[in-house]
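K.L.:
In case you want the letters, here they are:
4 protein chains.
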Amino acid sequence: MSQKTLADLNACSKDDFVGALANIFEYSPWIAEQAASARPFAGVNQLFGAMKAAVDRAAPDLRLALIKAHPDLANKTQRAAGLTAESDFEQNSLGLDRLSDAEYEAFERVNNAYRAKFGFPYIVSVRRHTKDSVLRDFERRLPNDVKTETQKSIEEICRIAALRLDLLVASDDRLQVHGRLSTHVLDTHSGKPAAGIAVELVELSNLGVSRVVTRAVTNADGRTDQPLIGGRPVPIGRYELTFSVGSYFAQRQVPMSDPPFLDQIPLRFSVSEPEGHLHVPLLVTPWSYATYRGS
Amino acid sequence: MSQKTLADLNACSKDDFVGALANIFEYSPWIAEQAASARPFAGVNQLFGAMKAAVDRAAPDLRLALIKAHPDLANKTQRAAGLTAESDFEQNSLGLDRLSDAEYEAFERVNNAYRAKFGFPYIVSVRRHTKDSVLRDFERRLPNDVKTETQKSIEEICRIAALRLDLLVASDDRLQVHGRLSTHVLDTHSGKPAAGIAVELVELSNLGVSRVVTRAVTNADGRTDQPLIGGRPVPIGRYELTFSVGSYFAQRQVPMSDPPFLDQIPLRFSVSEPEGHLHVPLLVTPWSYATYRGS
Amino acid sequence: MSQKTLADLNACSKDDFVGALANIFEYSPWIAEQAASARPFAGVNQLFGAMKAAVDRAAPDLRLALIKAHPDLANKTQRAAGLTAESDFEQNSLGLDRLSDAEYEAFERVNNAYRAKFGFPYIVSVRRHTKDSVLRDFERRLPNDVKTETQKSIEEICRIAALRLDLLVASDDRLQVHGRLSTHVLDTHSGKPAAGIAVELVELSNLGVSRVVTRAVTNADGRTDQPLIGGRPVPIGRYELTFSVGSYFAQRQVPMSDPPFLDQIPLRFSVSEPEGHLHVPLLVTPWSYATYRGS
Amino acid sequence: MSQKTLADLNACSKDDFVGALANIFEYSPWIAEQAASARPFAGVNQLFGAMKAAVDRAAPDLRLALIKAHPDLANKTQRAAGLTAESDFEQNSLGLDRLSDAEYEAFERVNNAYRAKFGFPYIVSVRRHTKDSVLRDFERRLPNDVKTETQKSIEEICRIAALRLDLLVASDDRLQVHGRLSTHVLDTHSGKPAAGIAVELVELSNLGVSRVVTRAVTNADGRTDQPLIGGRPVPIGRYELTFSVGSYFAQRQVPMSDPPFLDQIPLRFSVSEPEGHLHVPLLVTPWSYATYRGS
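Protein chains in written order, with the working numbering: chain A, 1 to 295; chain B, 1 to 295; chain C, 1 to 295; chain D, 1 to 295.
Since the hints were derived computationally from the structure, they do not count as laboratory data.
When chains are identical, the list treats them as one kind, so a pair holds in a single copy or across two.
Straight-line distance between alpha carbons at most 20 Å, and here's what the computed SDA-like set of lysine to any residue pairs gives:
(1) K192 with R180
(2) K68 with V146
(3) K152 with I236
(4) K192 with Q253
(5) K192 with R268
(6) K152 with D258
(7) K192 with G246
(8) K192 with G276
Let the sequences and hints guide you as you build the complete structure.
P.N.:
What follows is the structure in structure tokens.
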């Protein structure tokens with residue numbers, strides 16, 4: 001799955017074009033084939049538009065075949081038999097390759113219940129989700145009728161395809177598939193950005209163990225050098241962001257109680273828009289703090 | 001250990017007086033005996049002063065005997081053999097009757113190391129502490145010399161005695177041995193106190209499982225009907241106070257993201273002054289919150 | 001207008017009763033006369049209820065006469081000729097005895113326009129208002145029809161009467177005619193109540209000069225010994241409350257910029273419920289502050 | 001005073017070079033003359049360095065002549081006789097061309113007292129100041145001795161020169177002589193940036209009338225399109241920044257009290273670092289707000 005330039009895709013043979021984009025839509029090279037005739041593309045957005053148009057005008061049975069071409073989530077047998085490289089990468093991003101027993105059972109229940117009702121696999125763009133939010137999404141969709149779920153499945157397939165295309169194709173323009181989660185610590189005791197504060201971002205889970213997403217230390221500007229999450233969708237889900245403020249103020253020899261009133265400050269919040277920019281700052285003294293959804 | 005009035009203690013026979021107060025200082029009725037001659041007492045503070053004076057003027061060997069009269073913390077053999085009712089109550093208040101194996105071992109290590117160095121048991125007023133802070137206190141005291149620890153032990157014994165006396169004697173005046181932990185939720189989205197918010201106070205522990213201290217629901221004034229902790233010392237230690245704000249705003253049909261940006265808000269803080277009033281309020285909208293050490 | 005006890009009013013002759021309460025409703029002793037027959041009263045609320053009932057059951061022409069018995073607001077000729085002591089006190093409380101020329105003209109315009117349209121004076125319970133809010137109230141009421149304004153006038157007359165009765169009669173119960181405005185300064189730099197902060201409350205005016213309502217200094221608890229406004233209605237209107245935080249932090253030798261980022265902090269807010277309790281606290285460091293409508 | 005490029009100044013004749021830079025230091029072309037020999041300059045910082053070096057190595061009597069070449073602040077006679085275009089622009093930026101009588105007298109007092117003590121005019125880089133801070137600066141400097149004030153005067157002269165050079169010369173590099181004052185309004189009631197809020201920045205004055213510096217309306221990002229002050233030093237002084245939040249929330253049909261608890265919110269703060277970036281944000285609901293010194 002080595003990256004291609006848009007120029008290459010515009011210039012190469014039709015076979016090479018189709019070969020390169022065969023799995024943008026899982027096991028469905030016919031979509032790339034149809035899009036090929038619209039070459040050259042001015043940008044990756046136009047390329048994606050052409051592929052999506054092919055899906056939109058496809059006959060119902062072809063759309064159903066597209067849906068059925070997708071694997072189950074976290075299905076051990078299918079994983080053993082081999083997924084597409086793309087599916088494998090995506091499912092791993094969610095941690096589906098290292099589920100606890102409880103989680104594995106939860107996903108198996110989801111898949112079986114869904115397949116039993118609709119006759120096709122439950123499809124969701126897992127890179128936009130956490131394990132918790134996948135299960136929540138499933139619970140909301142299971143009561144739907146077939147028509148609604150067919151439509152939902154196509155929508156999710158297109159989201160999956162856009163993320164795959166974004167990874168594969170280098171172009172001057174970008175698909176709007178990335179979000180950002182950032183923070184900023186302002187020390188309102190000294191009136192300055194708080195540098196050197198250790199922060200830890202954890203993805204919370206109802207099912208099993210929570211998972212550390214990233215650790216960082218604030219720089220001279222009170223920010224992290226890199227966004228906490230960036231260059232990809234920010235998965236829908238619940239998070240806890242913890243700031244080690246006790247040691248920060250201790251190092252600055254600020255008078256505090258013993259033990260310090262505030263030491264590790266956890267901010268617990270949810271992400272609902274994977275493609276948005278969510279800013280979660282902390283305004284802090286040894287005796288008070290505040291946070292808000294910024295942007 | 002039925003409660004006595006100060007009037008009764010002033011009026012009763014010396015034997016009855018000594019009998020009633022025999023275990024205010026663990027297994028040391030001589031202290032009550034000396035205090036008896038100072039009767040009548042104008043208040044419980046004066047009574048405590050007389051008993052403390054007896055301790056202060058006691059000869060070194062008698063003070064050492066007083067120290068040695070105390071049991072080890074969380075010692076299973078001693079517990080099986082029977083503690084004074086007072087010690088039993090106090091140790092249970094800290095949860096020493098239901099330790100995990102890891103905790104039990106930690107306390108045993110503490111006791112043995114301390115006794116090996118000083119020749120007398122490690123004494124601390126456990127009603128002023130959590131398990132974590134007891135272990136922290138031990139680590140700070142172990143490097144001390146014998147003289148310092150003898151003095152520290154007497155101080156802790158007097159704190160224990162004051163709390164026992166406060167429980168035992170009804171008087172118009174009160175010993176200053178109680179603290180208070182309170183909260184208040186202000187909904188700055190509607191500009192009103194937030195009523196009906198579920199709050200949960202948990203004592204955090206490095207060693208084993210955290211422990212729910214209390215659960216409550218805010219009243220029309222945004223406060224809890226009873227303080228979160230009151231009528232006793234607020235144990236030194238780390239706590240997490242969690243507010244269920246997601247369901248509160250959902251019930252008021254306030255527009256929110258899905259999932260809500262804020263749902264369970266945890267405030268993590270430490271208590272350092274068991275006899276003080278610590279107020280930990282929450283100012284909250286669906287998109288922001290603030291807290292501070294109030295009073 | 002010396003204060004009476006409810007017991008006295010219950011026990012005295014009918015003439016004395018009517019004499020004492022003759023001006024509770026301006027120049028309308030018939031109301032007290034009717035209420036007299038309902039004696040004895042269990043409390044001042046019951047007494048007020050009896051007087052209000054007399055107004056409520058009065059025939060339209062008597063109600064109109066009651067309305068017409070009231071003076072114009074801020075009318076120099078009437079003031080020179082003499083108002084009831086009660087009207088004089090009330091108008092002075094609003095500062096109607098020391099109007100600027102612009103203000104005097106504004107009130108004269110109001111009175112004349114209102115009287116020209118309705119044939120009776122514009123009546124408002126001035127102790128519940130500031131000059132600004134009186135003029136705003138007038139502008140809202142002038143477009144009304146006679147029926148609505150007759151009703152509004154009676155309502156205001158009853159509010160005036162309740163306040164007069166509250167001043168005159170000492171009783172175990174109280175009429176709910178008082179409000180309270182309070183503040184609290186919390187120094188979140190040191191984690192303690194801010195003592196010794198000078199505060200100044202000013203009533204803002206669109207018309208003329210603003211007026212200092214009160215000055216105070218915060219006590220050890222970060223509060224003022226007396227509420228900023230208490231024991232009377234909190235007049236509807238706009239206010240500015242200024243806190244001298246620069247000198248406070250300077251005295252505590254807290255490092256600051258030169259000149260200090262924050263020195264005099266003004267909080268500008270409106271009062272809308274004269275009988276309510278409005279709490280306007282300040283959470284402050286040398287580099288940040290927050291306020292909110294508390295209660 | 002039309003702008004020159006650094007390239008032109010490097011390439012032109014020495015006479016043209018000196019002519020162009022003659023008044024960078026007031027009436028002192030000898031400084032440009034000395035600097036000319038160091039051409040070509042890699043950037044404007046290097047050019048300024050060469051001019052400043054000429055000042056630094058000048059003999060005491062030449063430095064004194066440089067000081068004495070400067071006009072008094074706000075001296076009507078001198079203004080009538082004509083200042084350099086540069087001095088005129090600078091003094092006008094402070095509003096010295098439109099002083100009230102009280103202000104005029106205050107400045108005259110300053111000038112006379114200073115000149116009487118030191119024998120040379122009081123010099124300050126007025127573009128870095130407000131009228132208030134000039135008078136405060138004067139009061140601090142008047143008690144100094146001649147040596148200190150000679151040094152201070154040279155420092156201020158160099159600051160003035162840097163600002164003049166920054167205006168005159170276009171170069172790829174910039175002198176660090178500009179600061180920035182910015183704001184941001186976050187509506188924590190809706191969790192979004194507050195668009196369409198009118199803001200007004202006023203320079204406060206102890207002496208006379210306060211002066212509106214700028215008015216703006218927040219954009220979709222809750223910021224102003226241009227910084228409140230930018231592209232120049234942010235004058236040391238006291239400011240009030242007012243936000244019209246009442247009409248903003250009213251337009252969004254947010255339930256409020258009548259009159260609204262918050263309508264015009266004033267933030268009063270001081271600027272102490274003219275070359276720094278001062279960010280003064282507002283977090284606001286109809287019932288609460290917070291601000292802090294950001295960056």
